[in-house]
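**Q** What follows is each chain in one-letter form.
Number of protein chains: 2
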Amino acid sequence: MSVSEKYYPAEPTAPVVKTTTIPGPESAKGIKSLGEVFDSRPVYFIADYEKSLGNYIADVDGNVYLDVYAQIASIALGYNNPALIEAAKSPEMIRALVERPAIGNFPGKDLEGIIKNVLKGAPKGQNNVWNGLSGADANELAFKAAFMYYQSKQRGYDTAFSAQENETVMKNQSPGSPDLAVLSFKRAFHGRLFASGSVTASKPVHKLDFPAFKWPKAEYPSYKYPLAENAEYNAAEDARCLKIVEELITSWHIPVAALIIEPVQSEGGDNHGSAAFFQGLRDITLKHNVVYIIDEVQTGLGATGKLWAHEHFNITPSPDLVTFSKKFQSAGYWFHDPKFVPNQSYRQFNTWCGDPAHMIIAGALVKEIQENDLVAKAAEVGDYLYGKLAELAVKYPQHIQKLRGQGKATFIAWDLESADKRNALLYKMKQNGVNVGGCADVSVRLRPTLTFEKKHADIFVSILDKVLSDF
Amino acid sequence: MSVSEKYYPAEPTAPVVKTTTIPGPESAKGIKSLGEVFDSRPVYFIADYEKSLGNYIADVDGNVYLDVYAQIASIALGYNNPALIEAAKSPEMIRALVERPAIGNFPGKDLEGIIKNVLKGAPKGQNNVWNGLSGADANELAFKAAFMYYQSKQRGYDTAFSAQENETVMKNQSPGSPDLAVLSFKRAFHGRLFASGSVTASKPVHKLDFPAFKWPKAEYPSYKYPLAENAEYNAAEDARCLKIVEELITSWHIPVAALIIEPVQSEGGDNHGSAAFFQGLRDITLKHNVVYIIDEVQTGLGATGKLWAHEHFNITPSPDLVTFSKKFQSAGYWFHDPKFVPNQSYRQFNTWCGDPAHMIIAGALVKEIQENDLVAKAAEVGDYLYGKLAELAVKYPQHIQKLRGQGKATFIAWDLESADKRNALLYKMKQNGVNVGGCADVSVRLRPTLTFEKKHADIFVSILDKVLSDF
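Line by line, the protein sequences give chains A and B. Under the numbering used here, the residue at position 403 of the first sequence is numbered 403, and the numbers go up by one with no gaps. Under the numbering used here, the residue at position 258 of the second sequence is numbered 258, and the numbers go up by one with no gaps.
One or more hints might be untrue.
If several chains are the same, the list does not tell them apart, and a pair holds so long as it fits within one copy or across any two.
Below 27 angstroms or equal to it, Euclidean Cα-Cα: the simulated DSSO-like pairs (lysine-lysine) are [stated by the list, open to error]:
(1) K367 to K109
(2) K339 to K203
(3) K214 to K186
(4) K466 to K421
I should point out that these hints are in silico values taken from the structure, not numbers from a laboratory. Everything numeric in this text was worked out from a predicted model, so none of it was measured.
All chains, full assembly: derive it from the sequences and hints.
**A** Below, the structure written as structure tokens:
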């Protein structure tokens, strides 16, 4: 029995399409009504989560879609997973919701166990976690940890703050509020608050009208595909981009304290970087005393065939901070150097210090993934799916360009010939019962769950073939 | 039958103290053990939430404290509230946790009802809400709304972005990333991320080593007490502070797009501002086209005897944005001008757009508060408690100075003669079975729940009297 059969014995065996337009009439009515209390302009359809199961999401018109987007790449195991339902009904969950504790001051006696379950999901080389609330929050908390660490190296970890630091910080002035930068990459997405927004550079709409820190943007490699046929070009591209990184670090007008990067730039177009590139960044960051932060908000929790995508790269020594959210349900950063815990308490602190309710779900997710070997299974189904898509790419070379994600499980993407065609494809796939997402302007990204199996891949490929044949 | 009797028929009738030191031996063991996976240095004790009830929090040593701090001012109704337990067990809660939706793209059919229940808690003059995850997040989301609104007034609400804006924003440069400021106040606390941290100025420990936006800090009034005897001085203080605000707005080196202020500066020492001061800020912000943001993260949800503290001031017209979190359990900002919804979708957006699980709890809280008339009851018990404390202030003039919060329900604070004495009082209160918090350096702040009644006030006052008599 496959895992999807075990979890979801009643999972649909094919999509059901009942309306010719998406959203259908009931969804359209719901979107209009919801619009009175919420910005419903970006809503695709009104979901019916009672009727959604496993890899299928239902809407209020009775349409049932095979879901290879999984919210915004944020559902790990599928809808109505029985293990998560059990976790949601547990007495510790009720307490986490009703007695939402300020865990930094008044942790409950179950907190230690909750965190230990979360920690079972840590990347190789990391053994500690700090908890936050979202991907943007996780990245900004990591920046705080990075800045404190960077300054403590200059000052001495146990050295007290100077009177001047204590005084200037209250005026947002240096040296108490030092002018330090985080280096990121063009096309990156790390969130939409003000520091996370300052390192994001995928689309203007995410950032327009907001003040930003004047932080540098390096270039993320743009490879030629297929990778195997373009090894020399791509190695030169890595070298070119690494050189830019080092030049920015040594020449920027303020010190670069940290570098943040995605193992695959997701929102920015599913741009992949090589193991050599990521090791090169480790070497440069060590040489120049820059904190190395890997943002695994979208790539984490098994989606690429390793529990954490950067494990593909065997980066040595391990990156300093690894951030997570989305599919993990809880958010935060992993670390291993105890000096990322600040020298004084209350420096990395806030009222809630994370959210035990979602940490309980995260712990249950890690347990299910490990006990059912879901990362290896995702790798296997990903290879299968990639092979099928590579065949379709031969058949439809205009509509499936730059197929990428080989060897990265189901974390697969490709480009169409134009933004209009890409958008038309996303819509026509919905009309044929497949919920699929895009990224950047011309890319389609696949982000199915970890219970997406060959039978689901076959349905997806067959519908894609049908849609493209009419394109 | 009082509300606390209705909710908590088995609520303890007095604190139980079993250990001579706090934390007791079991808590100390738990703190040490927790410290292996979490920064447990700020932990007061390990709570036992199964055994906590109503206004009493239990720890793992069997101590049971009357809780007038309520986590960090973040529990509205008391522990193990039956109405919240029911909400936590509801099918819609299970779905919100297990199918955590990206509600901007794939809202469930229950979302509209969930938001409408939240909206029943809106302040007078506000009729719309945008949802976030924490107080810091709420404030930064409000800043985003404010910056977009401010720029749209310059540009025209429906005017498209220029090519130059679209290009410069990707480099964090003006005009796409404009240099705009948020004005805040000395001693303010608005959170600990980078923009929220830039408007926070209560203690260096919240901010040291983090880059900050160069934004101005005005002065929050420092009144003389009792207020009634110092009306002339305090009116002059309002005028002095308003003048500084206007001078900063007109002279700061970059435009001031927004102003953020707490109705009572809580973390910064329970500093109160008058209705005239808050109306003065409305007049100045209107005159200079500055967005007026009231931060009700700590003061909101009935704690001051109005549902929202700024309702004491009858500000006309209503403030533009009002932020909330903490006791509300869910976070976000209220608004009434539809132009605070940006002209394009995806400008105020993120994966989750809030957290339906905590929004469900928030809706249940609002319902309980309104059906049981808990705001009026808090006002009544607050008057009673203030009267008793005013008597103690005569008896212990050194230890109860500048008693404040009259007419603001139980949102009461006072100063001790020194930080050492204040810290000693907080500790001795715990040793006598009362969990109470401080703020700034020398202040004690009371933040009991809305089910804190005269019988609880009597116990609190009696223990405080005993502790102070030995002081």
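**Q** Does each hint fit the structure? Answer for all of them.
**A** Hints, one by one, checked against the model:
1. K367 to K109: Classified as within: same-chain Cα gap 21 angstroms, cross-chain 30 angstroms, threshold 27 angstroms.
2. K339 to K203: between (35 angstroms within a copy, 23 angstroms between copies)
3. K214 to K186: both (14 angstroms within a copy, 25 angstroms between copies)
4. K466 to K421: within (15 angstroms within a copy, 77 angstroms between copies)
In summary, the structure agrees with every hint in the numbered list given earlier.
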